[in-house]
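Could you build all of it, start to finish, from the sequences and the hints given here?
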Amino acid sequence: MTLDLSSDDGLALVKRLVAMSDIVIENYSPRVVENFGLDWDEVHRLNPDAIMVRMPAFGLTGPWRDRTGFAMTIEQASGLAFLTGDPEGRPLVPRGMCDQLGGMHAVFATLLAVEHRAQTGEAQLVEVPLIEAGLNAAAEQVIEWTAYGQLLQRQGNRSPYAAPQGIYAATGEDRWVVISVDDDGQWPALATLIGRPEWTTWASRAERHAHHDEIDAAISGWVAQRDREAAVEELLAAGVPAAPVITGRESIDNPQLAARGHQQWMDHVVVGAVPYPSFPGRFNGQYHRLRYPAPTLGEHNEEILRDVLGLDDAEIARLAEAQVIGTRPAFWG
Amino acid sequence: MSGAWAAEMAGQLLGTPEGAVLDQVRVLELTRTIGGAYTAKLFADAGAEVIKVEPPGGDRLRSWSASGSPAGGDSGDGAFFQFLNAGKRSTVVNLDDPVGRERFRSLAATADLVIEDLGAGVVESMGLGHAELAEANQSLVMLSISPWGRGGPWDQRPANEFTLQSWVGSTHSRGIPDEMPLGVGGQLGDFLVAANAGALGLAALMAARRDGTPGEHVDVSAYEAMTTSFVVYAHLYAAYASEARTGATRSIEIPSVEPAKDGWVGFCTITGQQFKDFCVVIDDPEMAEDQRLSSGDGRMDHRDEVWRRIARFTQAHTVDDIVDKATMLRVPVAPIGDGSRVAQIDHFAERGVYVENPGGFTQPRVPYQLTARPVRPVPPAPALEKPTMNCEGRMAIRFEPRAQCRRTPSRRCRWPGSGFATWPRSGPARWHRACFPHWVPTSSRWSPFSAPTGCASPAGSHATTCGSGARLPTGPTPASAR
Chain Y
0 MTLDLSSDDG
10 LALVKRLVAM
20 SDIVIENYSP
30 RVVENFGLDW
40 DEVHRLNPDA
50 IMVRMPAFGL
60 TGPWRDRTGF
70 AMTIEQASGL
80 AFLTGDPEGR
90 PLVPRGMCDQ
100 LGGMHAVFAT
110 LLAVEHRAQT
120 GEAQLVEVPL
130 IEAGLNAAAE
140 QVIEWTAYGQ
150 LLQRQGNRSP
160 YAAPQGIYAA
170 TGEDRWVVIS
180 VDDDGQWPAL
190 ATLIGRPEWT
200 TWASRAERHA
210 HHDEIDAAIS
220 GWVAQRDREA
230 AVEELLAAGV
240 PAAPVITGRE
250 SIDNPQLAAR
260 GHQQWMDHVV
270 VGAVPYPSFP
280 GRFNGQYHRL
290 RYPAPTLGEH
300 NEEILRDVLG
310 LDDAEIARLA
320 EAQVIGTRPA
330 FWG
Chain H
0 MSGAWAAEMA
10 GQLLGTPEGA
20 VLDQVRVLEL
30 TRTIGGAYTA
40 KLFADAGAEV
50 IKVEPPGGDR
60 LRSWSASGSP
70 AGGDSGDGAF
80 FQFLNAGKRS
90 TVVNLDDPVG
100 RERFRSLAAT
110 ADLVIEDLGA
120 GVVESMGLGH
130 AELAEANQSL
140 VMLSISPWGR
150 GGPWDQRPAN
160 EFTLQSWVGS
170 THSRGIPDEM
180 PLGVGGQLGD
190 FLVAANAGAL
200 GLAALMAARR
210 DGTPGEHVDV
220 SAYEAMTTSF
230 VVYAHLYAAY
240 ASEARTGATR
250 SIEIPSVEPA
260 KDGWVGFCTI
270 TGQQFKDFCV
280 VIDDPEMAED
290 QRLSSGDGRM
300 DHRDEVWRRI
310 ARFTQAHTVD
320 DIVDKATMLR
330 VPVAPIGDGS
340 RVAQIDHFAE
350 RGVYVENPGG
360 FTQPRVPYQL
370 TARPVRPVPP
380 APALEKPTMN
390 CEGRMAIRFE
400 PRAQCRRTPS
410 RRCRWPGSGF
420 ATWPRSGPAR
430 WHRACFPHWV
440 PTSSRWSPFS
450 APTGCASPAG
460 SHATTCGSGA
470 RLPTGPTPAS
480 AR
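Read top to bottom, the protein sequences are chains Y and H.
Quick note on numbering that gives the first Met the number 0: the first sequence kicks off at 0 and runs consecutively.
Quick note on numbering that gives the first Met the number 0: the second sequence kicks off at 0 and runs consecutively.
Simulated from the structure, these hints should not be mistaken for laboratory data.
Quick caveat, the model's predicted, so the values are computed rather than measured.
Here a beta-carbon is modelled for each residue, glycine too, at the ideal position from N, C-alpha and C.
Careful: at least some of the hints might be erroneous.
Unchecked claim - Footprint (simulated), chain Y over chain H, 3 or more residues, beta carbon under 8 Å:
no.: 1; segment: 151-163
no.: 2; segment: 214-223
no.: 3; segment: 227-236
no.: 4; segment: 259-267
no.: 5; segment: 367-379
Stated by the list, open to error - Straight-line C-alpha distance at most 25 Å; calculated SDA-like pairs for lysine to any residue:
no.: 6; chain 1: H; residue 1: K324; chain 2: Y; residue 2: D65
no.: 7; chain 1: H; residue 1: K260; chain 2: Y; residue 2: T67
no.: 8; chain 1: H; residue 1: K324; chain 2: Y; residue 2: F69
no.: 9; chain 1: H; residue 1: K324; chain 2: Y; residue 2: R30
To be verified - Counterexamples of contact, computed for chain Y against chain H with all Cβ distances above 10 Å:
no.: 10; residue: N26
no.: 11; residue: L192
no.: 12; residue: I193
no.: 13; residue: I315
Structural data, given as structure tokens:
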């Protein structure tokens, strides 16, 4: 639904909704809801049972409090970008994962608050700054620095977690194969596959790191003679983690997703039937299904105002006329 | 009933102010990946008793350091291990041995949640799948994390965080056209999968703690978690957007990470207005008017020119000065953090984001704050159970299967007056240790390091010799995740 919170009507209506809600979630920069007078104290006054979850980019306090931040800002500040890209080149942003990372930490924290309320009857304010989930995902960098004085660096497609690891050109234009040996047990099979069975003696990741250039040359030669899909098939059959470098579009035809039933087709009011992703896990073999497709802007204005708040048609029409509610962004005119 | 006793009961049953939210929850952790360990850390940080079940020789992360610094053995547990496992407890169980599997079953009978990431079908092949474990403990939730999830034609395919990045279509999109694509460094995917798994697992746990609800098997697919986070969900996107857009070649953001006089500085211009404001920041208002450069694709096409014009300003100024100016103009901006710098940033210092681990290093605190619950100092990670102290069957002594607990609640379990009706949403009282006095209270809970010297065999267990006859468990570590 839409509500113009800068109007008296809009603010009064949102306060009535707060009074009826279990959880209030917001992720504007902190000043926004506070400027509307909807800080924790007010939410708690309106509804002592409501849990409030606030997800600012950087936190409700501190010198960066009112800064705008997106997932990519988080990736830049946290160190995640510093580890991505070529060693000689600039750091690259991973590009957006920190949104879901922060969001799922917020779900976890919100459930804890629900459990706390069930145990004690007490509602509380939950603060989940987007950056702090990112800092935990990047924690290893600070830990290595403060424990060992070692500054972790970006290594292109190599990695401390796996060796050999890289992306290798197959036949054809812009066709690549990813290989990542993260378990010592996978190495003999790969060494044999690329025609270097004598290298199986490099049994540890550290030894293979020491010979990474040699190994890469041999893998490159092997992959260069093969079609992308054929190379990946051979590698997987040998027990070596591998993948073709495919576009998002190509990733759609994935038999695993289809077999698990991850997609949920729903009719969207504008574009018709579209496949929505379920949560990434099944419960006793079943996905918890979404109840609704994504709403259009203000799609449920009337339903909520009439059925939840008990407004009559004349009142709803007045709100629409006054542009307190609407179904298109105000700045589009 | 004395008032003092009632107050004590109220404190226990309602959660004392010092108590953590999940302090009535026992979790068994059977993991070998960073993501699995972090999932269990989420529960440990929320106060659950997490028992890490390690193979003989210990979790391989004990000897892990990304820089190759000495870790494990005489060097002590690696720092990253200590971060991931702070506040957990540990025991060694050899799951390749029938006796070890029986021990695991005994532990699982007392647990609320089992977290495992050994790979699709592995715990099932050992007779430790959810169905088997739930026979003795019907409210048990099992949270399984595997690359592809269980079932489907690919569930035995070898995969890891790096190859999954490519399978979801993320790797292809990153880098310079005509050059090699670039994956994301670190283990961001593992943390994303863990955050998803933690949320789904906690939801299932809360459901199972309601009276009479059997625990579920939560089967998390890393691929599915990453396909909705490492890329715009391509399936949905394809339904809205044209073929041409979804097959676009790779790119990097411009502007994004740019060179300053004294380090890197990061920008993010999502909206057209933010890009125009960015042009003001770098004293290049002409760029804002240049139609060629108004879109990300256009800037990518002319990247050498754009990078040159950006660097003309950024290389002449310090990170701090650039950040101040961009902040004033409300352009999202940040210094580029790295291991040596990020914990020094004043914003994090003022908020107390970085804390000391008892292992003698700095780590970020839990990434959320519940204002009604105090934040605790980071506890130590558990040492590896000494093999010479190991005594098969010992662990089962202090625990009873939950099914039996439920049939014989203590009379002290009654809540004076209002009964259990005061907890309509979940049933913490049902599980409270006061109901089950043979569940050892927190202060004297079972510890692998305080076992009696003589090892009495519990009835029905397969305890082997003890004391001087203690044997070093042998056997390979659990089968690797595939």
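Results for each hint:
no.	hint	verdict
1	151-163	holds (count 12)
2	214-223	holds (count 9)
3	227-236	holds (count 10)
4	259-267	holds (count 3)
5	367-379	holds (count 6)
6	H:K324 x Y:D65	holds (15 Å)
7	H:K260 x Y:T67	holds (24 Å)
8	H:K324 x Y:F69	holds (18 Å)
9	H:K324 x Y:R30	holds (20 Å)
10	N26	holds (13 Å)
11	L192	holds (13 Å)
12	I193	holds (16 Å)
13	I315	holds (30 Å)
In summary, the structure agrees with every hint in the numbered list given earlier.
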